Amino acid sequence: MERHFDEELKALKEQILQMGALVEAQIANAIKSLVERDSDLARLTIQNDHKVNAMDVEIDDASVRLIARHQPMAKDLRFITTAMKISSELERMSDLAENIAERALELNEEPQLKPYIDIPRMAEHAQRMVKEALDAFVNRNVELAWKVIHDDDFIDGLTHQIFRELVSFMLEDQHTITRAIRITFISKYLERIADHATNIAELVVYLVEGKIIRHTDT
Amino acid sequence: MPTAGETAFDIQNLNCWYGDRQALFNISLSIPDRRITALIGPSGCGKSTFIRCLNRINDLIAGCRVEGQVLYKKENLYAPGIEAISIRYRIGMVFQKPNPFPKSIYDNIAYGPLIWGVKRGPQLDAIVEESLKKAAIWDEVKDKLQQNAQALSGGQQQRLCIARALAVEPEALLLDEPCSALDPIATAKIEELLLALKKTYTIVIVTHNMQQAARVSDVTGFFLLGELVEFGETGQIFTNPKDRRTEDYITGRFG
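Taken in order, these protein sequences are the chains called A and B.
Counting from 1, position 101 in the first sequence corresponds to residue 101 in this note's numbering; the numbering is continuous, with no gaps.
Counting from 1, position 92 in the second sequence corresponds to residue 92 in this note's numbering; the numbering is continuous, with no gaps.
Just so you know, the hints here were simulated from the structure itself, not pulled from any lab data.
Worth double-checking, as some hints may not be accurate.
Straight-line C-alpha distance at most 27 Å; calculated DSS-like pairs for lysine-lysine [said to hold, decoys possible]:
| id | chain 1 | residue 1 | chain 2 | residue 2 |
| --- | --- | --- | --- | --- |
| 1 | B | Lys133 | B | Lys97 |
| 2 | A | Lys85 | A | Lys51 |
| 3 | B | Lys242 | A | Lys147 |
| 4 | A | Lys10 | B | Lys242 |
| 5 | A | Lys85 | A | Lys147 |
| 6 | A | Lys32 | A | Lys131 |
| 7 | A | Lys211 | B | Lys242 |
| 8 | A | Lys85 | B | Lys242 |
| 9 | B | Lys242 | A | Lys13 |
| 10 | B | Lys142 | B | Lys103 |
| 11 | B | Lys103 | B | Lys144 |
| 12 | B | Lys198 | B | Lys134 |
| 13 | B | Lys119 | B | Lys144 |
Note that this is a predicted model, so its numbers are computed, not measured.
With these hints in hand, go ahead and build the complete structure from the sequences.
Following this line, the structure appears as structure tokens:
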């Protein structure tokens, strides 16, 4: 039986997807503003964060209303609580994209330390994790969710590699320290974005299987 | 007496027929002592028939036949020689429609104990007061105990019926949709009452109101077409049911 309630749940899912698309664009623009030294784009990315914040508030509000009006049970209940949490994860990602853009603005004021190679690689990987986590949510795809969770190890490895490389720059020439630290921050922000994508993937496992896998060794 | 949470009713392969029509199919479950067990399911699923097997009130229905085992505290309720009346003293029942006797409030409560042999006087007064207090209605009726019980509101009548059931000192209470004729405030009072009573009594409640089952019960059973589809801890049933049919029913996708 098709329920009117299903329409409202579908609308909530749409809201999450729109927010997800916006956050993906925020991350892409932040990295682009760095790699292409485009400070206008960095400023635009910083400005756009409030749109994501507004969507987070809307999704929270819509979810609470659905709970109050329908007293959802079982998978409906899991869907709504998951949507609320995914919304928070996305909002945090957008904050991190904003942070990347802020560091890009600072770095763009100075000569480039070195060609960016690992940072774009890392960003690409993190963006794919975000996209796949959201795909897993939309299609209730547990297998894809687990892939995202395991992919996080690759990002963690890259973070360490970038850190070691930047330390060697700083040891060689102290004039690089400010820039190297800013780039280290950016790699940390990307690593955090991937962590949030992992959280979304874990929420998908809960949504589909009702099993909480957070804070367990996966 | 078992510890709270241990098995009070142990039911194995229970089948029930009304004439040729089979109403229950191989029901097996164990109902925990001093917990609230909710039974849910669509109309005609057998949940009321099931609860009526627990104190043999189905014996009163012509053509009703029960097979299988119902143990209450390890005692077979259907063993030969067991008197149904004595079971109903121990396992009380409250029905959907409040059904006070057309007598005074006092006499409604005193009815069971009088049959039991308690004489009119201070002892009976104490039983009446105690029972009305347990059913959380004493304060509302203490000044009009001689008034006709049928003049009370629906919610008060239902609590009176619970008090009447408690007056014969049962161990378990079976409630068959006790709130379906009541407004939300009266319903909330009954629910609060059940939560207080479960410290002392094993409670089994049949309800059409799933939120009610979710609110008050510790364990929930879902019946469908005379079968027990799923039985489990209430939190689990309402967040992550194992059976697709339970999921469909509690999310309103049925039909």
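Evaluation of the provided hints:
no.	hint	in the structure
1	B:Lys133 <-> B:Lys97	holds (21 Å)
2	A:Lys85 <-> A:Lys51	holds (18 Å)
3	B:Lys242 <-> A:Lys147	holds (25 Å)
4	A:Lys10 <-> B:Lys242	holds (24 Å)
5	A:Lys85 <-> A:Lys147	holds (20 Å)
6	A:Lys32 <-> A:Lys131	holds (17 Å)
7	A:Lys211 <-> B:Lys242	holds (12 Å)
8	A:Lys85 <-> B:Lys242	holds (24 Å)
9	B:Lys242 <-> A:Lys13	holds (24 Å)
10	B:Lys142 <-> B:Lys103	holds (16 Å)
11	B:Lys103 <-> B:Lys144	holds (13 Å)
12	B:Lys198 <-> B:Lys134	holds (11 Å)
13	B:Lys119 <-> B:Lys144	holds (21 Å)
In this structure, every one of the numbered hints holds.
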